[in-house]
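Trainee: Sequence:
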Amino acid sequence: MKGKKYLLALILLLTITVFLAACNTDDSDSSTPDSGNTDSGTETDNKTTDDTTSSTPQVLVFGRGADSVSLDPGIVTDGESFKVTQNLFETLLNFGEKDTTIHPGLAKEWVVSDDGLTYTFTLQEGVKFHDGTDFNADAVIKNVNRWKGGTEDDFYYFNSMFKAEGADIITDVKADGDYTVIFTLSRPQAPFLKNLAMSPFGIASPAAFEAAGDKFGDNPVGTGPFKFTDWKRNDSITIEKNPDYWQQGLPKLDKVIFRSIPDNSARLNALTAGDIDLADGVNPSDGKTVEGNAELQLIERPSMNIGYLGLTSTRAPFDNKLVRQAVNYAIDKQAIVDAFFEGRAQVAANPMPPSISGYNEAIEPYPYDPEKAKSLLAEAGYDGKEIELWAMPVPRPYMPDGAKVAEVIQKNLEDVGMKSKIVSFEWATYLDKAKNGEADAFMLGWTGDNGDADNFIYTLLDKDNIGSNNYSYYSNDEVHDLLIKAQSETDENVRIDLYKKAQEIIHEDAPWVPLAHSTPLLAAKAGVKGFQPHPTGSDKLDNVSIE
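Numbered according to the numbering used here, the sequence shown spans residues 1 to 547.
Hints were generated in silico from the structure; no laboratory data involved.
Please note: incorrect hints may appear among the correct ones.
[Claimed, not checked] With a Cα cut of at most 16 Å, we get these calculated EDC-like pairs of lysine to aspartate or glutamate: (1) Lys385 - Glu364; (2) Lys142 - Asp178; (3) Lys500 - Glu300; (4) Lys148 - Asp168; (5) Lys485 - Glu165; (6) Lys500 - Glu489; (7) Lys421 - Glu388; (8) Lys404 - Asp338; (9) Lys288 - Glu300; (10) Lys321 - Glu508; (11) Lys174 - Asp131; (12) Lys463 - Glu489; (13) Lys321 - Glu97; (14) Lys241 - Asp254; (15) Lys372 - Asp332; (16) Lys501 - Glu489; (17) Lys372 - Asp338; (18) Lys529 - Asp539; (19) Lys411 - Glu371; (20) Lys241 - Asp230; (21) Lys255 - Asp230; (22) Lys501 - Glu386; (23) Lys540 - Asp230; (24) Lys321 - Asp244; (25) Lys463 - Asp509; (26) Lys148 - Glu165; (27) Lys98 - Asp509; (28) Lys411 - Glu386; (29) Lys500 - Asp481; (30) Lys128 - Asp230; (31) Lys529 - Glu97; (32) Lys128 - Asp138; (33) Lys321 - Asp99; (34) Lys241 - Asp542; (35) Lys372 - Glu508.
[Said to hold, decoys possible] Across the chosen pairs, the derived CB separations fall in these ranges: (36) Thr133 - Glu361: 49 to 57 Å; (37) Asn219 - Asp134: 17 to 25 Å; (38) Ala316 - Glu508: 35 to 43 Å; (39) Gly292 - Leu250: 32 to 40 Å; (40) Gly381 - Lys463: 46 to 54 Å.
C-beta: ideal position from N, C-alpha, C; glycine also.
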């Protein structure tokens with residue numbers, strides 16, 4: 001009898017144990033968790049139980065090549081800054097997910113007058129800035145007036161896109177009630193709507209920028225899906241989910257950490273080791289390695305860029321067109337593309353890529369011809385004085401390894417009798433000094449902001465933008481007249497003809513050595529979902545999640 005009681009008790013105990021174990025089992029535990037991300041001692045396995053609730057925070061660690069210069073979108077020109085600000089701020093209009101077609105943003109509707117001089121925008125209602133203040137027509141007006149009232153040194157993009165021949169294209173902006181804004185232009189501007197959709201024109205909290213002054217970029221406040229948390233200079237920037245974001249269900253991530261890892265190979269190693277989730281600037285030579293790793297995915301960004309060697313035309317010896325042409329003949333551009341881009345680029349002929357409307361296909365790249373280069377240098381009376389060759393200190397989408405490409409260029413120049421000394425600076429300093437015309441020859445590039453030819457040729461090579469984005473200080477009155485006409489012309493076929501003519505003149509004047517149009521590569525863990533690389537390089541992360 002005692003044995004039976006003991007047996008019954010044991011059976012009861014086992015039954016209770018099994019029941020309790022079953023009650024504590026969650027379906028999500030049957031899946032294998034992600035290897036996890038670590039930052040400041042916080043581990044994340046990113047398991048989700050449904051579309052809205054995760055058992056652990058969704059944290060994306062984004063490895064990139066350099067730190068941001070500022071987080072005030074209005075005053076910066078570099079892609080590393082926009083990579084962050086694109087997720088903190090929103091513009092009146094948005095580009096398409098994969099292209100530069102125009103879609104609603106903070107403005108839900110717009111009407112253009114027949115003469116192209118008046119644009120009326122109806123704004124989204126119920127949107128708030130991260131500081132709790134209201135987004136409305138008054139906020140838009142204060143942002144525009146801030147851009148208009150700043151110096152050319154402060155707001156490069158506004159002056160590049162909305163000024164011509166020293167005059168404002170936007171002559172007036174006013175409210176018609178709380179949620180209607182009316183822009184009046186001095187003349188028609190064909191790319192006006194595309195310009196407004198660009199990252200530099202993210203709408204900021206007036207209360208925040210009025211209080212912070214020139215320190216606003218250290219503590220940015222927008223309406224975007226994420227809000228600013230922390231910035232450790234030259235290390236990381238952290239942004240977190242905006243719980244009051246006006247678009248329901250977004251963002252899907254709880255936090256994004258942008259980590260600065262200057263070396264491309266080191267960044268890929270960090271991805272492979274599980275220290276980061278997404279890596280920008282993957283070396284073309286590493287593309288096959290990523291594709292062969294089942295735990296990773298290779299991502300191609302649609303190409304809309306130009307990498308170039310700029311020749312400052314106000315500094316000897318590059319104030320002589322013959323010397324500039326000689327350098328174009330001296331550099332073996334195909335060898336550079338073959339050696340550093342692994343077939344994921346094409347040699348450039350023009351200052352904009354073939355994907356842009358108005359590209360002149362009749363123009364061929366300067367051929368590699370050292371003897372022709374020597375002849376032109378002799379004709380120009382070049383005295384053999386050594387020049388400074390500036391090499392980018394960070395990898396960029398259009399130039400994965402600036403230092404090594406500079407070495408090839410240095411050898412090419414030496415072969416034709418031009419000695420050069422390679423120099424470099426910290427990225428923000430490099431940009432600032434080049435902008436001030438302090439370089440002889442400098443490596444740089446551009447990723448298009450809006451898919452329009454104006455954003456390449458006028459922004460980068462018109463005399464209006466000397467001291468801004470025209471780092472080569474190139475000035476040609478005929479080119480200027482063509483570009484101003486193209487801005488105001490609404491007939492696309494006429495615009496195309498004007499841009500093609502401008503490219504012919506620029507090719508002859510040779511203010512640059514166009515090097516390459518690249519297909520930039522990124523890599524991510526296989527579990528990163530919803531990331532859509534944008535041609536502009538400014539990626540929105542609101543739809544990204546991690547499985």
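Trainee: For the pair supplied as a hint, Lys241 and Asp542, is the alpha-carbon distance within the 16 Å limit?
Mentor: Holds. Lys241 to Asp542 sits at ~9 Å (cutoff 16 Å).
Trainee: Take a quick look at whether Lys241 and Asp254 sit within 16 Å of each other, Cα to Cα.
Mentor: holds (5 Å)
Trainee: Need the status of pair Lys174, Asp131: alpha-carbon distance at most 16 Å?
Mentor: violated (24 Å)
Trainee: Falls inside 32 to 40 Å, the C-beta gap from Gly292 to Leu250?
Mentor: holds (34 Å)
Trainee: Could you grab the alpha-carbon distance between Lys501 and Glu386 and see if it respects the 16 Å cut-off?
Mentor: violated (34 Å)
Trainee: Quickly compare the C-alpha distance for Lys540 and Asp230 to 16 Å and report which way the hint goes.
Mentor: Since the Cα atoms of Lys540 and Asp230 sit roughly 19 Å apart, the hinted pair is violated (cutoff 16 Å).
Trainee: Hey, Lys288 versus Glu300, does the alpha-carbon distance stay inside 16 Å?
Mentor: The given pair, whose Cα atoms are some 13 Å apart, holds under the 16 Å limit.
Trainee: Decide if the proposed pair is consistent with the structure: Lys142 and Asp178, CA atoms, cutoff 16 Å inclusive.
Mentor: Since the Cα atoms of Lys142 and Asp178 sit roughly 13 Å apart, the hinted pair holds (cutoff 16 Å).
Trainee: Given the hinted pair Lys500 and Asp481, is their Cα-Cα distance within 16 Å?
Mentor: holds (13 Å)
Trainee: Does Glu508 lie within 16 Å of Lys372 when you go C-alpha to C-alpha?
Mentor: holds (15 Å)
Trainee: Can you confirm whether the C-alpha distance between Lys321 and Asp244 stays at or below 16 Å?
Mentor: violated (57 Å)
Trainee: For the pair supplied as a hint, Lys529 and Asp539, is the alpha-carbon distance within the 16 Å limit?
Mentor: At roughly 14 Å apart (the allowed maximum being 16 Å), Asp539 and Lys529 satisfy the hint.
Checked against the numbered hints given earlier, the structure breaks hints 1, 3, 11, 12, 13, 17, 22, 23, 24, 27, 30, 33, 38, 40 and satisfies all the rest.
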